[in-house]
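In case you want the letters, here they are:
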Amino acid sequence: MTVVLATPSIEVKHLRKVYGEIVAVDDLTFAVPRGAVLGLLGGNGAGKTTTIAMLLGLLEPTAGDIHVLGIDMKKRRYAALPRMNFSSPYVDLPHRLTVRQNLLFYGRLYGVRNVGKRIDEIAEHMQVAPFLDRQAGKLSAGQKTRVALAKALINKPDVLLLDEPTASLDPDTADWVRTYLKDYQHETHATILLASHNMGEVERLCDDVVLLQAGRVFDRGSPRELIERFGREDMEEVFLDMARGRGRGLDALNRKETAS
Amino acid sequence: MSGSAQRIWALVMRHIYIWRSSVMRLVDSIYWPAVQMVMWGFMTQYLLPQASFVAQAAGVLLSGLLLWEVVVRGNLSLSIAFLEEMWSRNLGHLFVSPIRSWEMATGIIIAALLRTLLGLVPVSLLAWAFFGFSIYSLGLPLIAFFAILQMFSWSIGLAMSGMIMRVGQSAESFAWAAVFILLPVSGVYYPITVLPHWMQVISYGLPPAYVFEGMRAILAEKTVHWDMLGIAFGLSVVYLVVGFQVFQWFFRLSRRAGSLLGQGE
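Heads up: the sequence lines are chains A and B, in that order. Each step along the first sequence adds one to the number in UniProt numbering, with nothing skipped, and position 45 is 45. Each step along the second sequence adds one to the number in UniProt numbering, with nothing skipped, and position 150 is 150.
Heads up, a few of these hints could be off.
Listed below are several chain B residues computed to face chain A (Cβ distance under 10 Å; list not exhaustive) [unchecked claim]: (1) Q6; (2) M13; (3) F42; (4) S97; (5) I99; (6) R100; (7) T193.
Calculated Cβ distances over 12 Å to all of chain A for the following chain B residues [as the list claims (entries may be wrong)]: (8) I16; (9) I30; (10) Y46; (11) S170; (12) W176; (13) V194; (14) K222.
Since the hints were derived computationally from the structure, they do not count as laboratory data. All residues carry an ideal CB built from backbone N, CA and C; glycine is no exception.
Chain A with its partners taken away, still in its complex shape (with noise of 0.2 Å):
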C-alpha cells in the first residue's frame, strides 16, 4: 500500500536571514500540515517576525525555501497571496477610511466575489456591524483588533499568519479572540501560524510549537509534549526556562547534543 503525505501547508528549510553581522534567522526548518496551529515561539528579538515577513514575502531571505501550499514563494508568491492573509497589531488599516471602506478595499484587493455579502457576514462574525460606517482611526483598540482580524479573513483564507492576534486586548476580548480563531480553523481546517507571547493563548490554540532563541529552533513539540520534556506545569514556565537558560528541558536538550 502507497502512502500519500499531503504536501503541508507550510514549509520552510533552512532559512537564514542576516542584517550585516547580525543573524536574524538562523537555518530555521519547520513544516505545518494543512490545519494545523503552529505556534512561533520566542523572547523578543528571536526571529519570529523576522519569519512571519518572509513567510509573506515583505523579507527576502538571505537563504532557504518557503513553500505555501506547494507554491515557491521565492518565485510565484503572487500566486500564493490570495490564499493567504495576515494580522498584526503593529501594521495599521488605514484610519481616515471607515470599517467597511477598509474591508471593501482589501475584499477587492484579494479579489473577494461578492465583496458587499462577504463584509455584511464578516462584520456579524466578528461583531464589528454596529461600527461598519466609523473610521478605523477613531475606533477602541479591541475594535481595531475586530477590524484587522475581519481583514485578515476577509479571503477566508487557507494560510492565517498571526502576530500577536490579542496584544494590548483586556482578557475578555482576547478570549472571545481566541475562541473565534479556534472555531475559523475547525471549520474551515486553514493552517494558522501565531506568533505571541502568551503562553496561555499557545497552549489553547496550538497543535505545536516552535521555540525559537537568538533565529535559531531551540526546541519543538505539542505544548503538552514541551511541558511534560521541561518537566513544568505550563508554557510559561518553559518559556522562562528557555529565556533564562535552566531546567530540565535544557538538562534534555543538552544530552541530546552531546549524544549526537
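Knowing the structure of chain A, use the given hints to seat chain B on it.
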C-alpha cells in the same frame, strides 16, 4: 473585471474615499496654483504695455505657470498617494496582498491624475474669470502638453516614492522639492536659448523644455512644432519606464533590507 483591473480600481477607490472624508486634503492642490496664478496674472497685466514679447504673446507667463503646475502637482499628487500608505502605516498589509508593483504604480498614477485635475481645472477656470485668459486657447496641443508633462512628473514621483520606501519618511522633503531643481533648465518663463550651452544640453534631455518651447511657439508664432512634441512624448515614455524601474529597484532593496517591515511598524 479582471484581477488586475479590480486591484487597481480598489486602490483608486481607496484614495477617493480619503478625499471624500477629508476635503481639506485636496485644498492645497488648488490653493498654491491659485495664489501663483493670481500673482503671475497681475505681473502679465503690468508687463503688457511695457514688454513687446509679452504684448505679442499674451498669456505666455500664465500658460507657463499653469503648465509648470502640471509637473509640480503631478509629482506631488503621486508622492502623496504613496505617502498615504506610509502615513497610515499600511504598507505591510498592502505589500502582502496580491497587488503587484505595476498595479500599485498604475493605481497611484490614476489617483494622482484625478487629484491633479481636481486642482488645476478650477485654477484654469479662475484664470479665465480673473484675467480673461484661457489655457484652452492652446487648442489640441494642450492635450499633448498635459500628457507629456504628467508622464514626466509621474516618473519623478515614482522614483521619489521608491526612495522614501527604502530610506523612510525622513526623505519626504525630497518628494516635494525634486522637481524644482529642473525649473531653471525647463524654460518655463524664458526660451532655452538664454541658457549657457551646457545647460541647453541638459534642457533638451528633458521633456518639459520641448513643451514650453512649443507653448511659446503657439502663442507667439501660431505654429505647432509636432516633431518637437513627438520627441518630448518619446522622452516622457522613456522617463516613465525608468521611473518605474527605479521604484522596482528600491522595492527589491527594501525587501532585502527589511525596511518594508520597519515602515509598517
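Hint by hint, work out which the structure violates, then give me just those numbers in ascending order. 3, 7, 8
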